[in-house]
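Just so you know, the protein sequences line up as chains A and B, in that order. With my numbering, letter number 141 in the first sequence gets 141, and the count goes up by one each step, no holes. Heads up, my numbering is the position in the second sequence plus 1000, with the first residue counted as 1.
Simulated from the structure, these hints should not be mistaken for laboratory data. Please note: incorrect hints may appear among the correct ones.
[As the list claims (entries may be wrong)] Here are a few chain A residues that face chain B, going by a calculated C-beta distance under 10 angstroms:
1) L50
2) V105
3) R109
4) V111
5) E134
6) M205
7) M209
8) H211
9) L286
This one's a predicted model, so the numbers in the text were calculated from it and none came from an experiment. Ideal placement from N, C-alpha and C gives every residue a C-beta, glycine not left out.
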Amino acid sequence: MIAIFLLPILLISPKTYITLTISGLAMGMLLFLVSSGFSLIFGLMSVLNLAHGALFAWGAYLGFTAFSSIDKWTGWGGSSSIFTNMLIFLLSLVAAGIGVAILGVVTERLVIRPVYGSHLFQIFITVGAMIVMEELIRIIWGPNDEPMPVPINFIGSLDLFDVVVSKYPLIAIVIGLILYFIVFTILRTTRLGMIVRAGVENPEMVQVMGHNVYRYFTGVFAAGSALAAIGGGMWATFVKSINPAMGGEVIVFALIVAIIGGLGSMTGSVVGALMVGLSYNYVAYLIPKAALGITMLLLVVILLIRPTGLFPEGT
Amino acid sequence: MREKEDRFKNPYFSLKILLLAFFLLTPFLFRSFEILDVVLKIIIFSALVASYDVILGYTGIISLGHVLYFGIGSYFVGIFMGKLGWISYGHLALAFLISIVISGVLSVLIGLFSLRIRTIFFAMVTLAFMEFTFILSSQLRSITGGEDGISFKLPGILAIDFSYGKFLGVEFTGRLISYYLILLLSLLLFILMLRFVHSPVGRVLISIRDNEQRSIALGYRTYLFQVIASSFASCVAAVTGGCFAMWVCYVSPDSSLSVPIMLDVLLMVIVGGMGTIYGGIFGAAFLMITRAFLPKLQVLIASLLPGVPFAIRLSERWLFYFGLLFILIVYFFPKGVIGTAQEIISRKKAA
């Protein structure tokens, strides 16, 4: 598997290869943040949450608002200290995460709970929720693109042994990895994580064991929404602009990553996201127009050889 | 025999005849082009929604990329007439034929590798494919004209500037001939779809929808039947897409292949009711008419509440209300308008 991703080095010069790999890994980590929540929600509740993209966009907008207002108040975003830059960035991500987690709980309670068990109605309802949330963004923040403010020290690139590496992707990779390890540790080692993993395999049995599985549904939905929101905020800083429809593009990637990795699997999500991110960046450099094609090809190949994804069942 | 006689007494039957008569007479009843345009779009979209209903309501699998085939139909007509400049009846028919074949093959392929696993995968994979085709159609500028799309002319008597003279006070133009041609095609599609869902294959599909395990136990390879249904519906959608392109003489990613159109189709199915075929007509009429009158409503709101930018912004976001409507209908009328009406009538009959 890793050999396939070393293959492009034959076609690309090593320096470019490293640059592409880093931006590919960054894209992968951001995709992981979106698709892990999506995948876990599907795994546990078997809800195909098409509103996930809208939650992602809400995260970006809340992050934008939080960043702008903190920046206006303290001027941390424009200061030359990397510490205050980091602080304001993390604070705005946390604000986005908390805000969207609340939104997620409201959505889950009000909209999705009445239709548990029916895939058809869930899809309809989440599509409706997606429209409503996206339109709410347009009503509150206006329908146009907004430039996303970026902390000063995040702009530009480092020169590591003659290889040009942009700063922000490195930060994104680190934050993504930290979040992955937090989620992974919670799922692996805590009692809560154990119950959630059991729920992915068999929710009825968890219910029988005396746990109120619906409470865990709400919790996982909130956590998944928060991850999507953090992903949204980081993605917005990555592309430096936000627009209300940004969730629609990302949800398709999240779907593909979730299918590749295996629905409900954390490790699957991270592997799938990295595969999609890397292959997308290599191909975008070699044949720009085929970049999305390679993602689809990846999906088709995985579906053909491993229909349940790379890591089936909750891991 | 007895069934045939009863058919004329059936209220549904006379309703259908009335509806058809209305569509036939529309050009004579309303002289304005706007109304004709809305009525024709209702016709095309009700056929598209009905084809979606074959998948959703009769087979019980969820496709989120049905508009992909609509787009394929539109694009083949657009590319043949506009890009290649082959403006003749033969090529128009060829464009339809090729788009039907390609849609059929593509949907069989998608169905084969996604329906095999779980039907929910079908929803995801179709959505991904539609998004992919959408981006493809906006990037391949040399073939599809990119974001700008292709505008084109139709051959002979279908061309906009063709005029035959007056008939009953209505000018018989190429537009009118296109209108009747599309009406005829849609009628044929409707008959075809009704035949399909009432055929033995259609019966199996309904049994799969209602109880897949049982159909498997009865010896049906359910997954093949689902593939058949989805490819049949895709071919129908391709024809409706071609009709749409013929009417607007223009094709672009936004007008015939985008997610918003898929949302429209979903909303039309929900409003009309699933598993009814006819529900599509009601759903399409509801959405198209509302949308046609929305600009006027916005002007009204803007004049009633001047200087309140928030209210104007709220009135501009009509999709927001459609989203709310979407959720409310799924809660309270999960069977849609036609479905609920049918239920009430059958309950009355039973009583």
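Against the structure, the hints:
no.	hint	result
1	L50	8 angstroms, holds
2	V105	17 angstroms, violated
3	R109	13 angstroms, violated
4	V111	6 angstroms, holds
5	E134	8 angstroms, holds
6	M205	20 angstroms, violated
7	M209	26 angstroms, violated
8	H211	25 angstroms, violated
9	L286	16 angstroms, violated
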